[in-house]
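In our numbering, the protein residues as written are 46 to 1065.
Bear in mind the hints are in silico, worked out from the structure with no lab data behind them.
Here the structure is a predicted model, which is why all the values come from computation and not from measurement.
Under the rule of at most 16 Å between Cα atoms (straight-line distance), these lysine to aspartate or glutamate pairs were calculated in the EDC-like manner:
no., residue 1, residue 2
1, Lys178, Asp212
2, Lys630, Asp97
3, Lys193, Asp203
4, Lys244, Glu475
5, Lys343, Asp361
6, Lys485, Asp225
7, Lys168, Asp401
8, Lys698, Glu77
9, Lys580, Glu541
10, Lys1026, Glu1042
11, Lys677, Asp717
12, Lys1047, Glu1024
13, Lys414, Asp396
Cβ pair distances, simulated, as ranges:
no., residue 1, residue 2, range
14, Pro96, Gln902, 37 to 47 Å
15, Asp461, Val1040, 51 to 61 Å
16, Leu171, Gly471, 22 to 32 Å
17, Trp820, Glu627, 40 to 50 Å
Built from N, CA and C at the ideal position, the CB exists for glycine as well.
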Amino acid sequence: MKDNKNSEVTTPLPTREGQGGGSLASKYSPAEVEGKWYQYWLDNKLFSSKPDGREPYTIVIPPPNVTGVLHMGHVLNETIQDILVRHARMEGKNACWVPGTDHASIATEAKVVNRLAEQGIKKSDLTREEFLKHAWAWTEEHGGIILKQLRKLGCSCDWDRTAFTMDGPRSESVIKVFVDLYRKGLIYRGVRMVNWDPKALTALSDEEVVYKEEHTKLYYMKYYVCPSSDSSPVGAENDKGNQSPLPNRGGDGEGAGNVVHKDDRGYYAVVATTRPETIMGDVAMCINPNDPKNQWLKGKKVIVPVVGRVIPVIEDEYVDIEFGTGCLKVTPAHDVNDYMLGEKYNLEAIDIFNDDATLSDRIATAQQKSLAEVSVPDDFVIDLQRYVGTERFACRKQIAEDMVAAGLMEKIEDYDNKIGCSERTGVPIEPKLSMQWFLKMQHMADISLSPVMNDDIQFYPAKYKNTYRHWLENIKDWCISRQLWWGHRIPAWYIEPGPTPTLPREGAFPWGKVIVAENEEEAYKLALETYPILKTLEAPSGAVGGATGFSLRQDEDALDTWFSSWLWPISLFDGIRNPGNEEIKYYYPTADLVTGPDIIFFWVARMIMAGYEYEGMMPFKHVYFTGIVRDKLGRKMSKSLGNSPDPLELIEKFGADGVRMGMMLSAPAGNDILFDEVLCEQGRNFNNKIWNAFRLVKGWERPTPDPSRGGRGEAGAQLSNESETLPLTGERGEGLSLATAWFEAKLRIAAEELADDFSKYRLSEALMTVYKLFWDEFSSWYLEMVKPAYVDGKPQPVDRATYDATLQFFEILLKMMHPFMPFITEELWQALYERQPGESIMRAELHLPAATDADRQLCTDFEAAKEIVTAVRAVRSQKNIAPKEKLVLEVVSNAQPSSDSEALPLTGERGEGLSLAIQKMANLSAVNVVTEKSKGSVSFLVGTNEYAVPLGNLIDVEAERKKLQAELERIEGFQASVEKKLANERFVQNAPAAVVEMERKKLADAQQKIASLRESLASL
RNA sequence: GUCGGCAUAGCUCAGCUGGUUAGAGUAUCACCUUGACAUGGUGGGGGUCCUUGGUUCGAGUCCAAGUGUCGACACCA
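Start from the sequences and build out the full structure, keeping to the hints where you can.
Structure (structure tokens):
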């Protein structure tokens, strides 16, 4: 048979025959099952969503970099999203998961530049258009690989909606928003101190700077003092003195705390810095006016060593008296704080670097200029020409050596410092003054803070609300321009004189003025409108384009990547270009956002801003922050450590379902997850367990009569129509065992737990709930109870009711597990009953009736029955009695009636069922109710009831006595603690009545147990 | 430096508004293969709930301090 043949190699299921369960391989092999069903889902458009009357459930994917490759972080993130989406879909919602990629301007541009470099092409040799051609080619070649990989994971994205942050609709949206914000006065252009990445050659936002701890040096440099407050240089005339520079010498004590340095060249101040090369940009020295050490420097001028520039000593309380010597060199062009001082005291900013952080020849010209103004002794000066063109760190090393050699360095100390580095290229940031575009953030912060603080948007875990608030309350303007080509080019044009030479160029023309518009044509129109004088430059009618007397030059810069990402939840539904369209109305706001806390500012906060600015509503209702995936030693996964497994290899090894489960088993929201392959192994083992449970059930002969299920079709498999389906809810079918009733109750209770877990986004707990439900309750208890006995080597047939119920349970379990393990559940769901073409578990809804008090009582009773079984098994284990050997259980019913319902009813209808269940599970030949247990029996307590297993002479009296004695002591200890509590008057007075009552009952139970244990001991 | 989180079994974590002498998964140990599954079954062992103090009749849970750890932000040149 076909089935037999296949089962040797792999494990396809017989979907029609229904028979042949026994011929299934004993191991589940996911490889071809997964490919097959993913294709089936695609073919049947099961992921696709269109607006309709159902409640929408929307997730937009955090777009991975277009050239990215799937890593473990994605696996975690996308698995969570897929679980949420599949869960919502099975709740009957219109689930829509929109996939896409991000152009990641700086990262992608860097990759393209690298690749070009490998081909010997320099970016600077290309025009913008040529470069972009390469970039698009690269994007098309590598782009979307990651989206293909998501399919292997089982992600149920609506692929027809796949978007890219730089595709047509998204780009247009970005431009529209830029223009809009500019017109609202929220975007401006100006010269500011920005974070400059000298490798990528672009400005960065504050968020793109990461601080790294580094061991560096602190250099103490000598700044010689000009002897008088005029700018006379230190020189010959100074020789007459070893004259102290101190004012009021020997006077009233002012300057008593002065710390003065002097050597044979004269008096000097000492300035400590980590960056000696920046002295070339020094324009002042600053002291704290309250610093007693440096009073003597007030009003003086000092000479910048090496450079020879004479600079003033200024005073500002900004300077920290405690740090270094209390003397701060001021380099406005290369330090944010110095820049502020420069602004305050109107100091010149000398930019000493080129864009790539090599030393600019400006240092040499500045030196010549200052030396021409004031002459300083030659031995204070080194010709700066020698540093021009050197790289900043090489220069630092060199200048430090040179200063030591020239006697201009006081000392050098080791120093630990935190250095701001580019998040992308990793190189240290150079603070740099430059003209950039900014978005004013105060307004954005104002509209986006309260929705999070008052939980209109809920964060999971909520602790990130603090982080969010802190950032918004200290917000700074967002530098949105990047000196890159790959990205959305800023829609700003500058008015310049046109090519027509005869027209007037001078005068009141707005040369250099900026026009912001959606395109050049608009800009042109707007320019004429804004500056009517330009009309006088227009060529005679009929002339076209460049024939005018002015032209427009578009800004070279591109926008920060996040300036497009922040519109993602809106632009995906075309809400910017086409406000109020059907899709945006239906899908927005989205339901859940799943992302890492590392981009809370980059992305989450800014999406919230854009959401309120453009839709007047939050972009999502819940944010689920995932943790960082680390290895089992807690280290971040990284390429250099080689500790990051390839997700695709893992999928090959454990199956996608196994990997998903491995990821989710230890991924509570917000906590870092320590990933270990053994978790995937556990996932795979679980799949195998499900598979084998299915083999068991499928191996049962279908009881007759066996009407084709066609008539009732799918309805027969759904518990939602309660009265029609499982007969258990209504009238109990004759042959239905207590096991069936119990498991049905169990399912309903579990469904409620699951719903609760999902509502709190506790997905790993939800997974653990179904894991235990399937493995422990269903497989280990339920199936073991209903599994047919073997007679003469043959399994007995299963009765019809049990058979039907079991299949229905299986189906419900598959549905519960499906969001976590989509492939195996689809495979088995399809094989469980005959299905119509195109049907899928994906669209099967799962609604169970609420659990009742009776359900809970049944489960409680059943737990007691389980305890009895476990206790009997323990007796076997301790006495080395083979599982096959049948035993007898005695229920000791003393005259004292058991205190209440806690005692297990073993009489009556339910009692009989429980009794039978216990017999089967503990392999007993009988359960006898006795008033006194047999001699030579081992006894145990469940609740306050006593049970005994007669063992005849197998019993070891001494061991038994010991065991009972230990148990007795334990309970007596417990009793003592309860008695003590009850003896405390204040407890009885203050504690709620119910609590006191509970304690009384505990005491009564303990007393009863003690009595029964003493009796047992005595009877030994 | 400022702010915040966390600290419970060997490991990873639950433990919700204080109320059984603290739970799960995994690991570990012992025993068990003819009947779905050794990727399995059964049973067992394993905790000073970080420390100290406080509030309370009662604290793993609340408060304070300390220690350790992780993170965010700010940075001193």
